[in-house]
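Model the full assembly from the supplied sequences, consistent with the hints where possible.
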Amino acid sequence: MLTGLEGKEAGIRLLEYGPKAVIITKGAEGCLLITKDLTREVPALRSKAVDTTGAGDSFVAGLISGLLENKGLEEATEFATLVASISVTRRGARTTPCREEIKN
Numbered sequence: 011m012l013t014g015l016e017g018k019e020a021g022i023r024l025l026e027y028g029p030k031a032v033i034i035t036k037g038a039e040g041c042l043l044i045t046k047d048l049t050r051e052v053p054a055l056r057s058k059a060v061d062t063t064g065a066g067d068s069f070v071a072g073l074i075s076g077l078l079e080n081k082g083l084e085e086a087t088e089f090a091t092l093v094a095s096i097s098v099t100r101r102g103a104r105t106t107p108c109r110e111e112i113k114n
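Heads up: the sequence shown is residues 11 to 114, going by this note's numbering.
Worth flagging that the hints you see were computed from the coordinates, not collected in a lab.
Treat the numbers as computed from the prediction; the structure is a model and nothing was measured.
There may be inaccurate statements among the hints.
[As the list claims (entries may be wrong)] For each label pair, taking beta carbons as the anchor points, the in silico distance ranges come out as:
#1 Thr13 - Glu84: 18 to 28 angstroms
#2 Thr63 - Ile34: 14 to 24 angstroms
#3 Arg23 - Lys113: 17 to 27 angstroms
#4 Gly14 - Ile112: 33 to 43 angstroms
#5 Ile74 - Gly102: 16 to 26 angstroms
#6 Thr49 - Arg104: 31 to 41 angstroms
#7 Thr63 - Glu39: 11 to 21 angstroms
#8 Leu15 - Leu48: 15 to 25 angstroms
#9 Leu48 - Ile74: 13 to 23 angstroms
#10 Glu16 - Asp61: 20 to 30 angstroms
#11 Lys81 - Glu110: 12 to 22 angstroms
Backbone N, C-alpha and C define an ideal beta-carbon position, used for all residues, glycine too.
What follows is the structure, given as structure tokens:
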């Protein structure tokens with residue numbers, strides 16, 4: 011990919027280019043959050059995947075939503091993983107859950 015490395019090593023290398031954080035999504039395994047002070051595996055919610063179309067978009071939407079709600083980066087990443095985990099339980103690209111579904 012961009013660095014020729016994978017996983018944690020790729021994230022650490024990408025930090026050298028200046029971002030404050032790197033998030034690597036890992037499908038059913040959740041994601042990896044890397045900052046200069048933290049490396050954290052965020053597990054995906056166990057769900058029966060029906061269609062993964064749009065899961066990455068749902069993850070990003072959840073991350074942005076969490077950050078706009080002033081959640082910290084870790085909490086926003088957990089929220090994003092939850093949103094993506096719910097989105098894969100539905101068919102098609104328009105599967106991002108609404109707020110009420112996430113609260114339940």
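Should the hint that Leu15 and Leu48 are 15 to 25 angstroms apart at their CB atoms be regarded as holding?
19 angstroms, holds
That 11 to 21 angstroms hint for Thr63 and Glu39 (C-beta), does it hold up?
18 angstroms, holds
Whether the CB-CB distance between Thr63 and Ile34 falls inside 14 to 24 angstroms:
Holds, since Thr63 and Ile34 (Cβ atoms, about 20 angstroms apart) stay within the stated range.
Pairwise beta carbon distance, Thr49 to Arg104, judged against the given window 31 to 41 angstroms
Cβ of Thr49 to Cβ of Arg104: about 33 angstroms, so the range 31 to 41 angstroms holds.
Verdict for Arg23, Lys113 (Cβ pair) under range 17 to 27 angstroms:
38 angstroms, violated
So does Lys81 sit 12 to 22 angstroms from Glu110, Cβ to Cβ?
18 angstroms, holds
Cβ distance range 33 to 43 angstroms for Gly14 and Ile112, holds or violated:
The hint (33 to 43 angstroms, Cβ to Cβ) holds, given that Gly14 and Ile112 are roughly 37 angstroms apart.
Can the suggested window of 20 to 30 angstroms be confirmed for the beta-carbon pair Glu16 and Asp61?
26 angstroms, holds
Is 13 to 23 angstroms respected by the C-beta to C-beta distance linking Leu48 and Ile74?
Taking Cβ atoms as reference, Leu48 and Ile74 lie about 20 angstroms apart, which means the hint holds.
CB-CB spacing for Gly102 and Ile74 relative to the 16 to 26 angstroms hint:
At 21 angstroms between Cβs, range holds.
Whether the CB-CB distance between Thr13 and Glu84 falls inside 18 to 28 angstroms:
23 angstroms, holds
Violation of the numbered hints given earlier is confined to hint 3; every other hint is satisfied by the structure.
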